[in-house]
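Engineer: Let's have the full structure, built from the sequences with the hints guiding it.
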Amino acid sequence: MTKVKSLADLKAMREKFQSNLDVREKSNNQEEMVQIKVAMATCGIASGAKQIMEYMMEKADAMKIRVVFTQTGCMGYCHAEPTIEVKVPGRDPLVFGHVDNKKADEIFEKYILNNEMVDGIIPVNYEVIDK
Amino acid sequence: MAKYKMHVLVCGGTGCKASQSAQIVENLKAVLTENGLQDEVQVITTGCFGFCEKGPIVKMMPDNTFYTQVKPEDARTIVEEHIIKGRKVTNLLYTDPENNEHVSDSKHMGFYKKQIRIALRNCGFIDPENIDESISRGGYEALGKCLSEMKPEDVIQEIKLSGLRGRGGGGFPTGLKWEIASKNHADQKYVVCNADEGDPGAFMDRSIMEGDPHSIIEAMAICGYAIGATKGLVYIRAEYPLAIDRLQIAIKQAREYGLLGQDIMGSGFDFDIELRYGAGAFVCGEETALIHSMEGKRGEPTFKPPFPAVSGYLGKPTNVNNVETFANIPVIITKGADWFNKIGTEKSKGTKVFALAGQINNVGLIEVPMGITLREVIYEIGGGIKDGKEFKAVQTGGPSGGCLTKKHLDTPIDYDNLIAAGSMMGSGGMVVMDETSCMVSIAKFYLEFTCEESCGKCTPCRIGNKRLCEMLTKISKGNGTMEDLYELRNLAAVIKDTALCGLGQTSPNPVLSTLDNFWDEYVEHVVDKKCRAGVCKSLMSYEIDQTKCVGCTACARNCPVGAIKGEKKMPHTIDPAVCIKCGACIERCKFGAISIK
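Line by line, the protein sequences give chains A and B.
With this note's numbering applied, the first sequence covers 1 to 131.
With this note's numbering applied, the second sequence covers 1 to 597.
I should point out that these hints are in silico values taken from the structure, not numbers from a laboratory.
Some hints here could point you the wrong way.
[To be verified] The calculated DSBU-like cross-link candidates involving lysine-lysine, where the alpha carbons are at most 30 Å apart (straight line), are:
| # | chain 1 | residue 1 | chain 2 | residue 2 |
| --- | --- | --- | --- | --- |
| 1 | B | Lys151 | A | Lys11 |
| 2 | B | Lys297 | A | Lys11 |
| 3 | B | Lys347 | B | Lys252 |
| 4 | A | Lys11 | B | Lys342 |
| 5 | B | Lys3 | A | Lys26 |
| 6 | B | Lys407 | B | Lys347 |
| 7 | B | Lys342 | A | Lys50 |
| 8 | B | Lys88 | A | Lys59 |
[What the hints assert, rightly or not] Pair by pair, the computed Cβ-Cβ distance ranges are:
| # | chain 1 | residue 1 | chain 2 | residue 2 | range |
| --- | --- | --- | --- | --- | --- |
| 9 | A | Asp100 | B | Lys151 | 58 to 64 Å |
| 10 | A | Ser6 | B | Tyr277 | 31 to 37 Å |
| 11 | B | Ala420 | A | Lys64 | 34 to 40 Å |
| 12 | A | Ala46 | B | Glu587 | 25 to 31 Å |
| 13 | A | Ala46 | B | Ala22 | 34 to 40 Å |
| 14 | A | Lys64 | B | Lys151 | 34 to 40 Å |
Predicted, not measured: the structure shown is a model, and the values here were computed from it.
A virtual CB, placed ideally from N, CA and C, is assigned to each residue, including glycine.
Structural biologist: And the structure:
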């Protein structure tokens with residue numbers, strides 16, 4: 001068992017463990033963070049949604065962007081799986097279809113960071129009853 | 001290590017554990033494994049969420065979905081619906097009593113909106129049995145800061161500036177207490193954590209120890225550093241097995257990491273903690289009695305001075321603080337006294353944890369800033385009175401406190417206002433009563449408790465309280481006179497002035513405050529021989545309405561003492577001389593013919 005020998009040690013430990021609690025910490029102030037919902041119904045998973053979610057989680061970590069990832073059910077865009085919904089604070093949510101690693105990079109680098117539009121946006125074609 | 005995408009927090013407090021929350025955890029894990037999700041979803045047992053009324057609680061992260069009253073068999077639905085399909089399980093969501101709508105997110109529940117969580121910061125958020133989770137929330141950093149950047153007197157100064165006052169009830173300034181202990185020189189000093197929580201209906205300290213034991217360990221070490229003590233003792237009642245377990249685990253882990261023991265964090269400071277078990281005597285919450293009990297002597301108080309800070313455990317300077325007081329310390333050190341003393345009122349800083357109990361919709365554990373009003377606590381956080389009944393009184397401060405009534409609803413809650421209103425902060429029990437509570441019986445209940453718990457050392461407490469209790473019994477039986485009411489007041493005043501320790505000095509408070517606030521009700525018991533709440537059995541009589549009774553004989557057959565007579569299909573009558581007023585007949589009557597007069 002490692003011993004904590006100084007305050008610096010303790011802080012390093014905190015740093016190391018922190019990611020384990022990230023999912024929980026983030027949930028406390030979701031509104032201030034980028035939220036990405038990944039459609040994880042059968043069709044989504046079959047088209048690689050799980051793999052893409054993992055890829056994006058790593059990407060977010062690498063780019064040091066705080067993102068809350070949520071798995072959701074079928075979004076209804078089975079023709080364009082995997083689909084993800086991206087909500088950046090202060091902007092309207094956008095749904096992207098046919099997301100692969102390359103598209104994910106683009107979304108992070110262009111849309112999330114610089115608010116540049118990226119191809120592959122699915123226009124919202126429904127309204128939600130309960131806001 | 002696998003990176004979990006979702007965390008499922010399951011409450012592992014004593015309340016939820018009693019409702020099979022451990023089984024929920026097991027089932028969740030089994031169903032997750034069945035679906036190959038064990039590396040994607042982490043199930044964590046946490047401490048109390050506070051919303052005990054609707055336990056067991058299961059909280060889904062990161063989407064904050066708050067499931068209430070979950071049963072072990074719901075585990076499958078949660079995994080298959082929420083986790084796999086991403087649909088919320090609506091029938092497990094909390095329903096807002098006001099508009100009957102499901103509330104999915106704990107942030108939007110009235111119960112949590114007004115709370116500020118300092119002492120409970122980690123309760124219901126981390127796994128209390130895992131020190132790593134505590135560290136990743138900044139655990140032990142305050143201790144590190146003290147040891148490497150602050151001198152003991154700086155620590156004391158910071159606590160003094162924060163305005164923190166003892167959360168066990170008395171409200172003595174914590175910084176001052178530490179200063180006195182630090183100025184008494186001795187070869188050995190002790191830090192004691194008073195975890196002998198005894199007020200009926202109070203469970204703040206237990207929940208903190210169960211939900212975040214590391215905060216207590218850290219704070220005791222900080223206190224040790226500040227006053228120059230190397231030994232800490234937690235005096236905890238043996239009735240708290242789960243809290244004891246978790247403290248022991250936490251102490252072991254802290255030792256393994258070198259956060260307890262010798263040369264902590266390379267500073268040369270040594271500190272270690274041991275547990276001492278109490279047998280659950282109420283008087284042992286009084287610090288001198290507590291110290292005697294730890295020494296293996298009878299749990300009896302002694303006269304102060306000498307204060308424990310001068311001569312305490314084994315005759316050495318000892319600093320005794322309550323669990324909740326300690327839980328505030330690390331935050332004050334990390335965030336600074338200036339941050340802390342902005343919360344609360346002029347003379348009472350910070351927050352207070354209350355255990356809401358009684359006739360209130362949201363029974364549970366809350367932490368609110370000092371200065372909040374009773375109305376906010378009862379109606380906004382507590383969700384109002386059960387079954388739409390009318391609010392009558394709230395008892396604060398346990399057997400040492402008093403009752404507050406409607407006229408106090410808008411009084412800001414702090415130490416001094418509560419005392420001015422005839423009650424006290426106490427350790428934080430809040431028992432809410434509605435119109436069906438009889439104030440004479442409430443006073444009697446608390447006096448019976450004090451009689452039971454009085455150690456018997458001093459006469460005013462041993463005999464005086466007994467007499468008070470007898471007079472209250474006499475009044476509730478309908479034999480009281482107006483002289484008794486005046487005598488109650490006199491005797492109560494004598495006990496307050498002459499009893500040896502805090503227990504005796506405050507034990508007449510429930511009587512005095514009910515006399516003050518509910519004088520009419522006492523007079524009714526004495527003069528009209530009536531109990532308006534219908535609680536005092538001797539003052540009630542059961543009657544059968546002869547026009548409504550159809551003679552079904554249901555009441556007569558169920559009367560345990562055969563007090564009801566009558567022919568079949570003819571109206572029955574109750575013989576008041578035989579009737580024991582158990583109420584069995586009312587429950588059985590399908591025609592509403594029996595009433596209490």
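Engineer: State for each hint whether it applies.
Structural biologist: Structure-based check of all given hints:
no., hint, in the structure
1, B:Lys151 - A:Lys11, "holds (20 Å)"
2, B:Lys297 - A:Lys11, "violated (44 Å)"
3, B:Lys347 - B:Lys252, "violated (38 Å)"
4, A:Lys11 - B:Lys342, "holds (27 Å)"
5, B:Lys3 - A:Lys26, "holds (15 Å)"
6, B:Lys407 - B:Lys347, "holds (22 Å)"
7, B:Lys342 - A:Lys50, "violated (47 Å)"
8, B:Lys88 - A:Lys59, "holds (28 Å)"
9, A:Asp100 - B:Lys151: 58 to 64 Å, "holds (59 Å)"
10, A:Ser6 - B:Tyr277: 31 to 37 Å, "holds (35 Å)"
11, B:Ala420 - A:Lys64: 34 to 40 Å, "violated (53 Å)"
12, A:Ala46 - B:Glu587: 25 to 31 Å, "violated (60 Å)"
13, A:Ala46 - B:Ala22: 34 to 40 Å, "holds (36 Å)"
14, A:Lys64 - B:Lys151: 34 to 40 Å, "holds (37 Å)"
Of the numbered hints listed earlier, those contradicted by the structure are 2, 3, 7, 11, 12.
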